[in-house]
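Participant: Sequence:
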Amino acid sequence: MKRSKFKSPKRVSKACKGLADIPIVACVFFTVAGILLGNVMVIGTWHWGKLIKREEATSVSATFESYYMSYGRYGSVSCVYIDFSDYDRLAIDGACCDAETEYLMNGLERGDRLEMLIHPNSGDIWELKSGNVVLLSFENSVSRMQFENVGFTAIGAFMYFVALIGIVSLIIQYRDHRKIKNQSKN
41 MKRSKFKSPK RVSKACKGLA DIPIVACVFF TVAGILLGNV MVIGTWHWGK LIKREEATSV
101 SATFESYYMS YGRYGSVSCV YIDFSDYDRL AIDGACCDAE TEYLMNGLER GDRLEMLIHP
161 NSGDIWELKS GNVVLLSFEN SVSRMQFENV GFTAIGAFMY FVALIGIVSL IIQYRDHRKI
221 KNQSKN
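Just remember that my numbering sits 40 ahead of the position in the sequence shown, which is counted from 1.
The set of hints was computed from the structure by calculation and includes no laboratory data. In this text, all values refer to a predicted model and were calculated from it rather than measured experimentally. There may be inaccurate statements among the hints.
Stated by the list, open to error - Subject to a maximum C-alpha distance of 25 Å in a straight line, what follows is the list of computed SDA-like cross-link-like pairs (lysine to any residue):
hint : residue 1 : residue 2
1    : Lys90     : Asp128
2    : Lys169    : Glu149
3    : Lys93     : Ala194
4    : Lys93     : Glu179
5    : Lys93     : Asn172
6    : Lys169    : Thr141
7    : Lys93     : Arg129
8    : Lys219    : Ile205
To be verified - Ranges between beta-carbon positions, derived for each pair:
hint : residue 1 : residue 2 : range
9    : Met109    : Ala194    : 23 to 33 Å
10   : Arg150    : Val80     : 30 to 40 Å
11   : Thr98     : Ile211    : 40 to 50 Å
12   : Gly163    : Val190    : 21 to 31 Å
13   : Phe198    : Lys90     : 14 to 24 Å
14   : Ala197    : Gly147    : 34 to 44 Å
15   : Ser116    : Ala197    : 20 to 30 Å
16   : Leu144    : Glu188    : 18 to 28 Å
17   : Glu188    : Lys225    : 54 to 64 Å
18   : Leu76     : Ser106    : 29 to 39 Å
19   : Met109    : Gly151    : 18 to 28 Å
A virtual CB, placed ideally from N, CA and C, is assigned to each residue, including glycine.
With the hints as extra help, turn the sequences into a complete structure.
Facilitator: Structure (structure tokens):
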């Protein structure tokens, strides 16, 4: 006799019972937080970190004033803020900044003219040049942002899964509540 590929009803009912035991407040929280954070992680990341071609970037030339590196919890650069004497403050995403860029930023002097390519959606610097020196290459930024986008998409997918657990649990609890209500009427 062949074994069925499907789980026995007892196993399915145990899984449903486990989902039915999650408190309703937690289910609502899972659903709302999962959808909101999932959207930020997936949609937001692919908008602000959208991979672009060099021709799509905005070209900007400005006079360097100063910079500030913001470090994350584990000592890596989370963002580089650059101030200009003739332009608004711009930033380099920490994902794009590597050790070489950090080193080359130390060589900048007040009054240096910087040529930049700016991402049209986020306003972040994706290429930075000072004369003939490339402090941040466009190709490096694209590669590093692609890696970051995939990571945030994975986190977003997990958040959508958490929302799905909340929704399924609410449906199971509603179904069980209706079943009990109908039994009490009879």
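Participant: Each hint: holds or not?
Facilitator: Here is what the structure says about each hint:
no. : hint                        : in the structure
1   : Lys90 / Asp128              : holds, 22 Å
2   : Lys169 / Glu149             : holds, 13 Å
3   : Lys93 / Ala194              : holds, 24 Å
4   : Lys93 / Glu179              : holds, 9 Å
5   : Lys93 / Asn172              : holds, 21 Å
6   : Lys169 / Thr141             : holds, 11 Å
7   : Lys93 / Arg129              : holds, 23 Å
8   : Lys219 / Ile205             : holds, 21 Å
9   : Met109 / Ala194: 23 to 33 Å : holds, 27 Å
10  : Arg150 / Val80: 30 to 40 Å  : holds, 37 Å
11  : Thr98 / Ile211: 40 to 50 Å  : holds, 47 Å
12  : Gly163 / Val190: 21 to 31 Å : holds, 22 Å
13  : Phe198 / Lys90: 14 to 24 Å  : holds, 22 Å
14  : Ala197 / Gly147: 34 to 44 Å : holds, 41 Å
15  : Ser116 / Ala197: 20 to 30 Å : holds, 24 Å
16  : Leu144 / Glu188: 18 to 28 Å : holds, 21 Å
17  : Glu188 / Lys225: 54 to 64 Å : holds, 56 Å
18  : Leu76 / Ser106: 29 to 39 Å  : holds, 36 Å
19  : Met109 / Gly151: 18 to 28 Å : holds, 20 Å
The earlier numbered hints are all upheld by this structure, with none contradicted.
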